[in-house]
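Chain residues, written in single-letter form:
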Amino acid sequence: MKDFSRLLDDLYFTNSNLAKETILSNYLRETPDPDRGWALAAIAGTLSFDLFKRSLTKKLMMERMDPYLFDLSRHYVGELSETVALAWPQSKDAVRLNRLPDLHEVIQEFQQRSKTGIREYLIILLDNMTPAERWALLKLGTRGLRIGMSARTVKRTLANMKDVDIAVIEELWHGLEPPYLDLFEWIDGKAEMPDISQVLTYSPVMLAHPIEDKDFARITADTHQAEWKWDGIRVQVAGLNGEAKIFSRTGDDISHSFSDLKDAVDFEAILDGELLVRTNDKIGSFNDLQQRLGRKKPTKKLMDEYPAHVIAYDILSLNGENLRKFPLSERRKILKFFIEKQDSTRFSLSKLLDFETQEDLAKLREAAAGTKGLIEGVMIKQKSSPYISGRPKHRWYKWKREPFLLDAVLMYAQRGTGKRSSYYSDYTFGLWGPDPKTSEDSLLPIGKAYFGFTDEELKDLDKWVRNHKLARFGPVQEVEKELVFEVAFDSAQISKRHKSGFALRFPRISRIRWDKPAHEADRIDALARIVGT
Amino acid sequence: MSAGETWMAVRDGLLYCIPANCYIDPHEPVGRAIITHGHADHARSGHGEVFATSETIAIMRTRYYTNDNTQETALNYGERFDLGNGVTLWFASAGHILGSAQAVLEFQGERVVAAGDFKRHPDPTCAPFEVVPCDVFITEATFALPVFQHPPLEREVDKLMRSMATLPDRTHIVGVYALGKCQRVMKTLRLAGYKPPFYIHGALKRLTELYESYGQDFGEWELVSDIPRSKKDYFTGKVVLCPPAQINDRWSRRFANPLPTVASGWMQIRARARQKRAEMALVVSDHADWGDLLRTCEETKAKNIWITHGRVEALEYALKQRGINAKSLDLIGMEEEVGE
Numbered sequence: 001m002k003d004f005s006r007l008l009d010d011l012y013f014t015n016s017n018l019a020k021e022t023i024l025s026n027y028l029r030e031t032p033d034p035d036r037g038w039a040l041a042a043i044a045g046t047l048s049f050d051l052f053k054r055s056l057t058k059k060l061m062m063e064r065m066d067p068y069l070f071d072l073s074r075h076y077v078g079e080l081s082e083t084v085a086l087a088w089p090q091s092k093d094a095v096r097l098n099r100l101p102d103l104h105e106v107i108q109e110f111q112q113r114s115k116t117g118i119r120e121y122l123i124i125l126l127d128n129m130t131p132a133e134r135w136a137l138l139k140l141g142t143r144g145l146r147i148g149m150s151a152r153t154v155k156r157t158l159a160n161m162k163d164v165d166i167a168v169i170e171e172l173w174h175g176l177e178p179p180y181l182d183l184f185e186w187i188d189g190k191a192e193m194p195d196i197s198q199v200l201t202y203s204p205v206m207l208a209h210p211i212e213d214k215d216f217a218r219i220t221a222d223t224h225q226a227e228w229k230w231d232g233i234r235v236q237v238a239g240l241n242g243e244a245k246i247f248s249r250t251g252d253d254i255s256h257s258f259s260d261l262k263d264a265v266d267f268e269a270i271l272d273g274e275l276l277v278r279t280n281d282k283i284g285s286f287n288d289l290q291q292r293l294g295r296k297k298p299t300k301k302l303m304d305e306y307p308a309h310v311i312a313y314d315i316l317s318l319n320g321e322n323l324r325k326f327p328l329s330e331r332r333k334i335l336k337f338f339i340e341k342q343d344s345t346r347f348s349l350s351k352l353l354d355f356e357t358q359e360d361l362a363k364l365r366e367a368a369a370g371t372k373g374l375i376e377g378v379m380i381k382q383k384s385s386p387y388i389s390g391r392p393k394h395r396w397y398k399w400k401r402e403p404f405l406l407d408a409v410l411m412y413a414q415r416g417t418g419k420r421s422s423y424y425s426d427y428t429f430g431l432w433g434p435d436p437k438t439s440e441d442s443l444l445p446i447g448k449a450y451f452g453f454t455d456e457e458l459k460d461l462d463k464w465v466r467n468h469k470l471a472r473f474g475p476v477q478e479v480e481k482e483l484v485f486e487v488a489f490d491s492a493q494i495s496k497r498h499k500s501g502f503a504l505r506f507p508r509i510s511r512i513r514w515d516k517p518a519h520e521a522d523r524i525d526a527l528a529r530i531v532g533t
Numbered sequence: 534m535s536a537g538e539t540w541m542a543v544r545d546g547l548l549y550c551i552p553a554n555c556y557i558d559p560h561e562p563v564g565r566a567i568i569t570h571g572h573a574d575h576a577r578s579g580h581g582e583v584f585a586t587s588e589t590i591a592i593m594r595t596r597y598y599t600n601d602n603t604q605e606t607a608l609n610y611g612e613r614f615d616l617g618n619g620v621t622l623w624f625a626s627a628g629h630i631l632g633s634a635q636a637v638l639e640f641q642g643e644r645v646v647a648a649g650d651f652k653r654h655p656d657p658t659c660a661p662f663e664v665v666p667c668d669v670f671i672t673e674a675t676f677a678l679p680v681f682q683h684p685p686l687e688r689e690v691d692k693l694m695r696s697m698a699t700l701p702d703r704t705h706i707v708g709v710y711a712l713g714k715c716q717r718v719m720k721t722l723r724l725a726g727y728k729p730p731f732y733i734h735g736a737l738k739r740l741t742e743l744y745e746s747y748g749q750d751f752g753e754w755e756l757v758s759d760i761p762r763s764k765k766d767y768f769t770g771k772v773v774l775c776p777p778a779q780i781n782d783r784w785s786r787r788f789a790n791p792l793p794t795v796a797s798g799w800m801q802i803r804a805r806a807r808q809k810r811a812e813m814a815l816v817v818s819d820h821a822d823w824g825d826l827l828r829t830c831e832e833t834k835a836k837n838i839w840i841t842h843g844r845v846e847a848l849e850y851a852l853k854q855r856g857i858n859a860k861s862l863d864l865i866g867m868e869e870e871v872g873e
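Chains as they are written, first to last, in this note's numbering: chain F, 1 to 533; chain E, 534 to 873.
Please note that the accuracy of each hint is not assured.
Each computed DSS-like pair below joins lysine-lysine, with the alpha-carbon atoms no more than 27 Å apart [said to hold, decoys possible]: (1) E:K836 - E:K860; (2) E:K834 - F:K92; (3) F:K481 - E:K836.
Honestly, the hints are just simulated from the structure, not real lab data.
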């Protein structure tokens, strides 16, 4: 537990991803099983159970501290676990431990104990710990660990430890479980790679490169196929031994949100496709799909109103046979035959688009631009391509429609992280429009971007921010409303969380309009027209 | 009226002794001022007459808070001075920084102690806190919440030493307040066996020299600005000290692979450490923590506690629970970030 606490502290305070990787791999090398596996699970967020309830922590605190002082403290600290970690008053007749138990002992102990046993054990541990150790325990126990380390960084760390491509770890990852004994045996060179063929699991998807001018030379109607690039969410639908799961592109299991679709899966196959909403043969907009996103348990009414549907792009395996090695043209034949047998309200085949020349493709792309974001552009795929996880070169291309552009005014700036930590490099910008409360004309924030400019431009922007400071809100620096950015973005959505009522997808700074007066920047209506409200 | 209230008052947001016509730590220019210590929220410029310890007066001169027209009265700890109209002033050490003092005021058999800022943890760079029994104890409340339980300084310095050993290719840039914190951190590092020269930001120079003139020894140190900018790797593996605002600002770009660190009592709160963009947080406080505040108030045996600044509500509440009269003074101009 001591080592685990120190690891979390080191990771929490380190900014650079590279340094985080070094810290984590050192820990994983030096720490024995099964502690390292549990630590890995805690950090990667794959623990499937709470050790104790948050409410228990609060209750214990209320029993031993004045509630008014506790409230003041919690309000000041801003967070329960840390407040408890810092303010925990030792029990009068505290049980002294000779040593703090190891991480796996702690986990095991909590899992074995009854409700009152859990309570007693938690008190003993808290009495014997430093504030940092208490924080680690409380975060571990209630799975609230946020130390700024992405699952991707964790996997890259493992890949580097074994000196394999990250794709290898990606393919294994979802088939493994804490405390990952088989994984570490393999990393240590003591066993073969774990076999996950009989686990219903996510396998990482194949991705496309943005097309470049020189690429068109190699594209012909004989060697390549074209399809729409739908703007839904890319999913993987997997069925095995009567079980079904739907995974997002990042491997999150989102089956519970789309139980209507899940119930339509009675096959043993892995499909790659786009999840959208379809009512009466009509594909809904991204805003329609949004009604379903993030709903853990959608009501029947909602599912009837916005039924989930998958436009299938590809098939990775069928009835236990791995199809990934076959060329796309072969997989496409199998997929076509397969989809015909499925419920057509739930599954349809991605249509192939006719083209001969580059001009034909350009026309298709233009047509996509007229769909209010429903279709993002054109996919161009090599017919001979096997299905390769990751982003292999010269296999699949995406040709997105031109981004939308708006002139927005810089409102707030924030320091970046890592190399950029001394620069104001994160910018929040807004458009003119009536304030929802006062109806006065003001700037309404529409988004935040931290790329799209060169290093030289960053220096100029940093200088500009420093010379135009207004108020400061914690790390957020307000600036004078004078600088205009041309902001590019792929699409916009209606959003209740933003004051402006809109949220942008993939916003970036396309140009800095040093010359443009702020009052000539765009108004919120321009964004409303793009969304189509 | 309870003790002290006939002759001590808050006038225009400033703590004032009526018969002596004298203010304590006023944040704006006044005729007569008692200054407990040299931090900017207690010592200001423009007073006509200043009463303080000789160290505090030296600090004020260094920071140009006094000029040739200021009438200075330097007192040693324990030295009694007649302020007129029957008021006697003497200073007791406060353990906060070099020269820091509690102002002890006596009038008609009553004793009021204005503690200024103080701490009870050991500090090799200043005299330890002295408990002075009194009728009214005027205390700060900077860290007056149960979440503030300051760890021993050695543990924090050990954290820094360990980090330097595990990450020898990084330059540890420690953000410290120029007066007090800087010197306490340097001294404690020396006591922990740190041998190489310190590299310091220009803003820390004069006060460090002033500490040295009072016999403090920090070993060898050099100004960062004396090292050519081209020698980026020169500082690798060393400790660089600078004001907290510089750890992540343009100034820090001159170091290869910097590791921004902040030493302050606020670092106990993780989010605050992250907000300062510190990669390492050293909990080093020059104020009393929750337990020490309560303990000190009780040890003075004062029937009345007046609270100047900080988390006033919490301390007032906790003291009242212990049966001690406590009230907030609503002084203006006290900034909690200064010196911490």
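- 27 Å limit on alpha-carbon distance, applied to hinted pair K834 of chain E and K92 of chain F: 26 Å, holds
- Message: Hint check: K481 of chain F vs K836 of chain E, CA-CA at most 27 Å. Holds or violated?
- Response: 55 Å, violated
- Query: Hey, K836 of chain E versus K860 of chain E, does the alpha-carbon distance stay inside 27 Å?
  - Reply: 12 Å, holds
Comparing the model with each earlier hint shows a violation of hint 3 alone; every other hint is respected.
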